[in-house]
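J.: Each residue of the sequence shown is one higher than the one before, starting from -18 at the first, in my numbering.
Since the hints were derived computationally from the structure, they do not count as laboratory data. These numbers come from a predicted model, not from an experiment. Glycine is no exception: its CB is placed at the ideal position from the N, C-alpha and C atoms. Be careful, since some hints might not be right.
Claimed, not checked - Below are the DSBU-like pairs computed for lysine-lysine, each with C-alpha atoms no more than 30 Å apart in a straight line: (1) K127 with K71; (2) K482 with K430; (3) K59 with K292; (4) K428 with K538; (5) K428 with K71; (6) K481 with K538; (7) K59 with K98; (8) K517 with K528; (9) K192 with K127; (10) K538 with K430; (11) K192 with K428.
Stated by the list, open to error - Quick list of the computed label-pair ranges, beta carbon to beta carbon: (12) E270 with K60: 38 to 46 Å; (13) G102 with A267: 49 to 57 Å; (14) Q63 with E541: 53 to 61 Å; (15) T36 with R276: 49 to 57 Å; (16) E(-3) with L477: 49 to 57 Å; (17) K60 with G102: 18 to 26 Å; (18) F132 with D30: 15 to 23 Å.
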Amino acid sequence: MADAFGLREWQQEARERYHGRNGGESGNFLVVATPGAGKTTFALTIAQDLIEQGTVSRLVVVVPTAHLRRQWAEAAHKKGVQLDDTFVNKNGTVGSDYDGVVVTYQAVASSPLLWRKLTSGRALVVFDEIHHAGDGENLTWGQALKEAFEFATRRLLLSGTPFRSDAKPIPFVHYENGRAIPGYNYDYGMALADGGVVRPAVFPAMDGESKWRRSGELATTSITLAETDEKTVPPALRAALDWNGEWIPSVLTEAHAALTQARIDTPDAGGLVIASDQSAARAYAAILERITGERPAIAVSDDPEASKVIKAFAATSQQWIIAVQMVAEGVDIPRLAVGVYASRVRTQMFFIQVVGRFVRMRGEEDETTARMFIPSIEPLLSYARDIEKTVDAVLADEEKRVRESQEGDDDPDEPPSLIPTIEVIGSSTARHHATIANGEAITTEEKVKAEAVLSAAGSALPRSMTPEAVALVLRLGGQAAPVPHQRNATPAHATLSDRKKDVRLLIRRKVSKLSIARGVPHSHIHSEMNQHLGNKVTDAPLDSLYKRVDMLDGWLKEEE
-18 MADAFGLREW QQEARERYHG RNGGESGNFL VVATPGAGKT TFALTIAQDL
32 IEQGTVSRLV VVVPTAHLRR QWAEAAHKKG VQLDDTFVNK NGTVGSDYDG
82 VVVTYQAVAS SPLLWRKLTS GRALVVFDEI HHAGDGENLT WGQALKEAFE
132 FATRRLLLSG TPFRSDAKPI PFVHYENGRA IPGYNYDYGM ALADGGVVRP
182 AVFPAMDGES KWRRSGELAT TSITLAETDE KTVPPALRAA LDWNGEWIPS
232 VLTEAHAALT QARIDTPDAG GLVIASDQSA ARAYAAILER ITGERPAIAV
282 SDDPEASKVI KAFAATSQQW IIAVQMVAEG VDIPRLAVGV YASRVRTQMF
332 FIQVVGRFVR MRGEEDETTA RMFIPSIEPL LSYARDIEKT VDAVLADEEK
382 RVRESQEGDD DPDEPPSLIP TIEVIGSSTA RHHATIANGE AITTEEKVKA
432 EAVLSAAGSA LPRSMTPEAV ALVLRLGGQA APVPHQRNAT PAHATLSDRK
482 KDVRLLIRRK VSKLSIARGV PHSHIHSEMN QHLGNKVTDA PLDSLYKRVD
532 MLDGWLKEEE
């Protein structure tokens, strides 16, 4: 819901907190907000405020990729702020008819003293996706940012990714006990509960057989079972993603069927495949062309025309785009509805960044449910289950995990060799293992039963109702155990967090059931409860959560 100034509730709340703290301690203020929530609009609003107050006279926005320079300049122009997105360091000065400039982290790192000079006056520096300054390979970026911007009047730090507890220090970020502390946090779980901010997402997890040869010895395993031995995960995943096998073509076929269904209600809905490298991207494009009869767009970071490809795809009704790195974060293509995670990267940060490409709303009437196909392998399954949790919950779970995910597919215990020790043999046709929705795994049997219910209901249910939502409602209806909202249902030794988690889960299920009965989106029901109780499900105390359950029970009874 937007206020009179066009700001969403979280943006206005964050704005008030920012000014209440005078930009934060030492002029630094970190905002962690889920992709699609409106970080850019928030940052530009703060910039306008500070310019009007006379606190700053110049705006500098630092972004991770060249593509985002144009995107920021266009967004700023709509707000009446003129940013130079063509500036290069050799220019030395910014044109007097600009309010500021958009520059990449790499450009700053190559000439920090120039940017120190350009921002030593009354300047606001906005760091988009500031976590890039903590990347291991970009440690020099962090050092350069300190040197370049330590004398700027204000620094506003933005990120759409929760900071891990073991993250490397990032300049201008405040840490407590090794954890980054945001001045304001608005994550995906909060945005989903608010309704009308982000789309819900479901994750069909696809299993299948992978075959490879390691040092002459043949190995075969299902993707799901590969996680029982960490050494088998990289080769199993590599074999599944190999375009000469059967797994990835069958997943692309199923994903296209999902996109075709989505385009019934949204004719320009698009699909995105995240590939591991350029060779895979081009091979997947050939497969999709055979399936769809249309050549997909391809965007890879080494292609100087990649930004134009992404922009053209966003503006057309072309069905598929395949990307390597280019669409990991910050790229706005709201029409994306279906995705295929075909990358070997298994870090939580990258996974969340990719999901962020699919959850952007196209307006308050958007009822699309994003659908991203993933290999049925850990830790991707855990990331999908955790996607709706708050940042603190994700970090707490991360600290409990014994096995950390690794980026890429190299075996750390395998000595380097000029001769590959793993030879991919092939993979079988993919089969559905489970679908992650609302943090729960829905089995194939449950999904089939739900699809039958939807088919029988016909037009009695809204087209936006998904099989996953119906499956969760059917599961709730057959539940014999005591419901969590009963005071004595949760074990006495359970923590307050555990008890609240149980009640929120029950609320989510009852909202799904009421959504079917009323034929309205989940967001409408959440919004109605928020108005009645004066708080949100994400920050409501336990007693207020119980009131929500009672309220939902009353509404459900009325629908009987």
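J.: Checked against the structure, which of the hints given earlier come out wrong?
T.: The structure conflicts with hints 5, 9, 16, although it agrees with all the remaining ones.
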